[in-house]
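J.: With the sequences and hints as input, model every part of the structure.
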Amino acid sequence: MDNAQKITKQGEKNVEKTRQLYKATPNVDIYENEDEILLHADMPGVVKENISVDIDNGTLTISGVRKLEIKGAATYEEFSDVEYVRSFSVPQTIDVERVEAELKNGVLNLHLPKSEAAKPRQIEIKTA
Amino acid sequence: MFTRISDIDRLFGTMNLLQRKLDNLYDDYGKPSGYRWELDAAAPRTNLYEHGDNFEIRAEVPGLEKGDLNVKIQGNYLEISGERGTDAPQGYKTHKTERGVGSFSRSFTLPADVDSTKAEATLKNGVLYLTLPKHEAAKPKKISIN
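Going down the list, the sequences are from chains A and B.
Just remember that my numbering sits 2 ahead of the position in the first sequence, which is counted from 1.
Just remember that my numbering sits 85 ahead of the position in the second sequence, which is counted from 1.
Note that these hints are calculated values from the structure, not bench results.
Please note: incorrect hints may appear among the correct ones.
As the list claims (entries may be wrong) - Simulated crosslink set (DSBU-like; lysine-lysine; CA at most 30 Å straight-line): (1) B/K181 / A/K116; (2) B/K209 / A/K106; (3) B/K224 / B/K157; (4) B/K178 / B/K151; (5) A/K69 / B/K178; (6) B/K181 / A/K121; (7) B/K209 / A/K50; (8) B/K151 / B/K106; (9) A/K116 / A/K50; (10) A/K50 / B/K181; (11) B/K178 / A/K121; (12) A/K106 / B/K203; (13) B/K106 / A/K25; (14) A/K73 / B/K226; (15) B/K178 / A/K106; (16) A/K50 / B/K224.
Computed from a prediction, not measured in an experiment: that's the story for all the values here.
T.: Structure (structure tokens):
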């Protein structure tokens with residue numbers, strides 16, 4: 003009885019909130035070669051100032067907020083203001099200091115270079 | 086146990102929510118992980134706004150250049166088509182390809198005829214903005230009250 007009451011009363015406790023920014027997962031492509039890991043993420047409509055890229059303790063988080071000005075009345079809307087968020091675990095061998103990011107045509111390109119120590123090295127065999 | 090009708094109502098609401106979750110569970114099953122799929126199935130998402138004498142169309146086209154897009158207008162018919170090439174670099178191993186590749190086409194019937202000669206299109210940050218002025222006959226007219 004008590005439990006059931008608690009569950010059903012839950013709805014009444016919720017306080018009205020302002021509208022939260024809707025969160026979405028951007029589509030990404032990830033490539034890798036010996037020197038770096040390359041990440042492309044679709045973020046249409048996001049401007050450079052509203053993008054953040056964080057690498058913390060082996061977790062890479064990209065986030066971009068899209069805010070578009072609306073003129074007039076919407077007849078229909080299939081997309082709206084959104085926050086693109088996605089996290090990845092990255093190997094510790096990434097050289098955090100040299101990470102580069104660029105934004106072009108709504109696509110975020112992230113270069114994650116591997117540190118020198120982590121690169122494969124060709125060992126030369128000497129004849130005795 | 087339940088003292089009010091609203092309590093019972095809420096219980097059914099929860100059950101419906103669960104039902105919907107279960108229904109959606111298998112929607113993504115068997116989808117070829119995004120490749121040649123995403124853009125075709127949901128190509129490209131658009132918004133339509135109307136303000137005064139203009140229609141404004143916005144479409145999400147991340148990664149596309151000016152030359153990749155085609156916009157055709159005839160009367161109240163609008164067609165946006167384009168092709169998204171791959172930007173996969175050479176000599177890299179591929180871990181994930183979720184971003185669709187390939188061509189798409191989408192057509193719309195606008196609520197009124199537009200003047201195609203004055204239509205403008207701009208591409209900014211991966212969003213296509215089309216400003217389409219309404220045709221003379223379709224423009225709103227102010228009626229003066231006598």
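J.: Each hint should be assessed against the structure and marked as holding or not.
T.: Hint by hint, here is what the structure shows:
The suggested pairing of B/K181 with A/K116 holds, with an alpha-carbon distance near 19 Å, which does not exceed 30 Å. A C-alpha spacing of about 10 Å is found between B/K209 and A/K106, which places the hinted pair at or below 30 Å, so the restraint holds. This hinted pair checks out: B/K224 and B/K157 have alpha carbons roughly 21 Å apart, not beyond 30 Å. For a cut-off of 30 Å, the pair hint linking B/K178 to B/K151 stands: about 29 Å separates their Cα positions.
Taken as a hint, the A/K69 and B/K178 pair is broken in the structure, with Cα atoms around 35 Å apart against an allowance of 30 Å. The straight-line distance between the Cα atoms of B/K181 and A/K121 is roughly 21 Å, inside the 30 Å bound, and the hint therefore holds. Only pairs whose Cα atoms come within 30 Å are accepted, and B/K209 paired with A/K50 is accepted, the gap being roughly 12 Å. With a C-alpha separation of about 40 Å, the suggested pair B/K151 and B/K106 falls outside the 30 Å cut-off, and the hint is violated.
Among the hinted pairs, A/K116 with A/K50 is consistent with the structure: their alpha-carbon atoms are about 25 Å apart, no more than 30 Å. For the hint pairing A/K50 with B/K181, the CA-to-CA distance comes to about 24 Å; that is within 30 Å, so the pair holds. The hinted pair formed by B/K178 and A/K121 meets the criterion: a straight-line CA distance of about 15 Å does not exceed 30 Å. Using a Cα cut-off of 30 Å, the hinted pair A/K106 and B/K203 holds, with the two alpha carbons roughly 28 Å apart.
This hinted pair checks out: B/K106 and A/K25 have alpha carbons roughly 18 Å apart, not beyond 30 Å. Straight-line distance between C-alpha atoms of A/K73 and B/K226 comes to about 20 Å, which keeps the hinted pair within the 30 Å bound. Only pairs whose Cα atoms come within 30 Å are accepted, and B/K178 paired with A/K106 is accepted, the gap being roughly 22 Å. Using a Cα cut-off of 30 Å, the hinted pair A/K50 and B/K224 is violated, with the two alpha carbons roughly 38 Å apart.
The structure fails to meet hints 5, 8 and 16 from the earlier list, while all remaining hints are met.
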